[in-house]
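Given chain R, work out where chain D should sit, using these hints.
Protein chains: 2
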Amino acid sequence: MTGGAGFVAANLIPRLLNGGARVLALDDFSRGLAEHWAPFRNEPRFAGAQVDCSDADALRGAIERARGEDRVAEVWHLAANSDIPAGIRDPRVDLKDTFLTTFAVLAVMRDLAIPAIRFASSSAVYGDLGETAIHEASGPLEPISNYGAMKLASEAQIRAAVESDGIRADVFRFPNVVGVPATHGVILDLLRKLKATPDRLDVLGDGTQTKSYLHVEELIEAMLFIARTASGAYNVFNIGPRDEGVSVRRIAETVRDAAAPGAAIRFGEGGRGWVGDVPRFRYDTGRLAALGWQPRLGSEDAVRRAVAQIAAQEEAVRREARA
Amino acid sequence: MTGGAGFVAANLIPRLLNGGARVLALDDFSRGLAEHWAPFRNEPRFAGAQVDCSDADALRGAIERARGEDRVAEVWHLAANSDIPAGIRDPRVDLKDTFLTTFAVLAVMRDLAIPAIRFASSSAVYGDLGETAIHEASGPLEPISNYGAMKLASEAQIRAAVESDGIRADVFRFPNVVGVPATHGVILDLLRKLKATPDRLDVLGDGTQTKSYLHVEELIEAMLFIARTASGAYNVFNIGPRDEGVSVRRIAETVRDAAAPGAAIRFGEGGRGWVGDVPRFRYDTGRLAALGWQPRLGSEDAVRRAVAQIAAQEEAVRREARA
Chain R
1 MTGGAGFVAA
11 NLIPRLLNGG
21 ARVLALDDFS
31 RGLAEHWAPF
41 RNEPRFAGAQ
51 VDCSDADALR
61 GAIERARGED
71 RVAEVWHLAA
81 NSDIPAGIRD
91 PRVDLKDTFL
101 TTFAVLAVMR
111 DLAIPAIRFA
121 SSSAVYGDLG
131 ETAIHEASGP
141 LEPISNYGAM
151 KLASEAQIRA
161 AVESDGIRAD
171 VFRFPNVVGV
181 PATHGVILDL
191 LRKLKATPDR
201 LDVLGDGTQT
211 KSYLHVEELI
221 EAMLFIARTA
231 SGAYNVFNIG
241 PRDEGVSVRR
251 IAETVRDAAA
261 PGAAIRFGEG
271 GRGWVGDVPR
281 FRYDTGRLAA
291 LGWQPRLGSE
301 DAVRRAVAQI
311 AAQEEAVRRE
321 ARA
Chain D
1 MTGGAGFVAA
11 NLIPRLLNGG
21 ARVLALDDFS
31 RGLAEHWAPF
41 RNEPRFAGAQ
51 VDCSDADALR
61 GAIERARGED
71 RVAEVWHLAA
81 NSDIPAGIRD
91 PRVDLKDTFL
101 TTFAVLAVMR
111 DLAIPAIRFA
121 SSSAVYGDLG
131 ETAIHEASGP
141 LEPISNYGAM
151 KLASEAQIRA
161 AVESDGIRAD
171 VFRFPNVVGV
181 PATHGVILDL
191 LRKLKATPDR
201 LDVLGDGTQT
211 KSYLHVEELI
221 EAMLFIARTA
231 SGAYNVFNIG
241 PRDEGVSVRR
251 IAETVRDAAA
261 PGAAIRFGEG
271 GRGWVGDVPR
281 FRYDTGRLAA
291 LGWQPRLGSE
301 DAVRRAVAQI
311 AAQEEAVRRE
321 ARA
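Line by line, the protein sequences are chains R and D. Under the UniProt record's numbering, the first residue of the first sequence is numbered 1, with each subsequent residue one higher. Under the UniProt record's numbering, the first residue of the second sequence is numbered 1, with each subsequent residue one higher.
In isolation and in its complexed conformation, chain R is listed as follows:
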């Protein structure tokens, strides 16, 4: 697993271990945290290593050292820049962490005859399609951030590798995902703002931005379901809630209600939070429903659950700091 110390990995690794797999988690720790490995550090079927996953030789070496006599069954390729504004400030971040990690993973898969890749892609590949309900065959694909561009560019590489190398690929187009362990994102930002100034909550944009949110626990369910159920050589799935999302206003209110009920919420201007941010999209998840999986939580439920979990996480960190 690349990006093996990230947010999604922290939730996926225990599920794979519980399923009987051996897991090698690789991360350069540019954003991932070694502490995410603490819960399974002593599990003999788990190994973690610091590797720059955009360096094919380093990646191949780490895998060869860990696998021993075993063949590698699949790569979960989760490594990516997850900080969209960072990639707009400097496109080299998305180039190296998102695009070139994919290039290196595919090269190593060829070298070691690894037959399957599961790739964490993004709804950002679609760009801003306005009110269109976005399904997996929608076009045109015009990402408006380097983040989305390098995810689409990674998908393109993977698709070509399916053709030339005969591998299987599952491409998961993530919506916004919430849950713990949180390291960034709107909920954590808002909670920290409220902690700094408990009487008011300043929100980027006018609060009308509406997005789909899925809880990470359901995202993991969906990916594992697709990996064991989809039958094609190249499988692309939108993963998301069945609703049209929740507004930033509702998210802010949920955070305020959980953390500082008396705070006044103040909104900024404009429907977009930053350049490259898609203000609103409607996500068609009919393909995944037809395969047999649907989420139980709606966007607002997912946010509410995540707010409670992240508030608890923040509280635990503060307790530890005081202890």
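The set of hints was computed from the structure by calculation and includes no laboratory data. Careful, some of the hints might be misleading.
[Unchecked claim] Computed, partial: chain R to chain D, Cβ under 7 angstroms:
(1) 139
(2) 141
(3) 149
(4) 152
(5) 153
(6) 156
(7) 159
(8) 208
(9) 210
(10) 264
Cβ atoms here follow ideal geometry from the backbone N, Cα and C, with glycine treated the same way.
Frame of chain R; chain D shown alone:
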């Protein structure tokens, strides 16, 4: 102009010079030929230099040295790997020559505040959409070669740069293009095979592959028309003939009739010439027609014209070798 010593550049440069522009042609000569610059070597508004266009510092330096006090109005980004099988044997070829040249071009455009890019993309971004008539908003985009993948990946980068940098971009999705100076391609291959064995012509595949062909002279017309006529910040256009193409069988017959009328044509097996080759596609060029441009030649006319030109080019080369 990147890829400034290539096939398309050789046809475009004289048109830009005739229009009064100053042209700086840059090429690493990995596939381009310095001899293509011979016709305008003495034109004071032309300069050519050997540069690795995937190296942003080298690219920036070459432009800065050449521009003097002038601002650069536009980049024609034509640099790319044009050898599809080469990119399947080694994906690093398309990575460096197609994808990383685009990345470097966009970085230098940011540094030097260059406001417009014209990009030579490809119908290969669509992959194999079967009998669907392919228009610019068609999806899904699933390229089946690294060539197509890195063209799509380049488009994605450019789209994101339009959003973040405020540049204008024209993206031309080329069909198969024929004409002179020919350095590779099916017509040249067939002519050379016939020269080696004038009594027979062996053709890759069963001859049923049908593709759209545009003559390079019309391609140049179309690109210049779009550059001066399209009004958006991000303009994507399929460029191609109005018909559904011409079969490899007809191309082989045209070459045979022009070069060795008595030769027997022998076909191979299968509808595809190589892995990553799209056997048949239907190209909808309605957007360009609506903008006001249509080609005069059909696919078969374009091939016939190119066969005559390439046969003459080959004859001239042989005469020169004998002299």
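Each hint tested on the structure:
The interface hint given for residue 139/R holds, since its Cβ lies 3 angstroms from the closest Cβ of chain D, which is under the 7 angstroms cut-off. Using the Cβ-Cβ criterion of 7 angstroms, the hint placing residue 141/R at the interface with chain D is satisfied: the shortest such distance is roughly 5 angstroms. Restraint check, residue 149/R versus chain D: the minimum CB separation of about 4 angstroms is within 7 angstroms; hint holds. Given hint, residue 152/R at the interface with chain D, holds; its Cβ is 4 angstroms from that chain's nearest Cβ, closer than 7 angstroms.
A hinted interface residue such as residue 153/R counts as satisfied when its beta carbon comes closer than 7 angstroms to some beta carbon of chain D; here the least separation is about 3 angstroms, so the hint holds. Proximity of residue 156/R to chain D holds as hinted, the smallest CB-CB distance being about 4 angstroms (cut-off 7 angstroms). Among the interface hints, the one on residue 159/R holds; its C-beta lies about 5 angstroms from the nearest C-beta in chain D, closer than the 7 angstroms criterion. The restraint placing residue 208/R at the interface with chain D is violated, with a minimum CB-CB distance near 20 angstroms, outside the 7 angstroms limit.
Hint status for residue 210/R: violated, given a least beta-carbon distance of 20 angstroms to chain D, over 7 angstroms. With its C-beta approaching chain D no nearer than about 33 angstroms, residue 264/R sits outside the 7 angstroms limit, and its interface hint is violated.
When each numbered hint is compared with the structure, violations occur for hints 8, 9 and 10.
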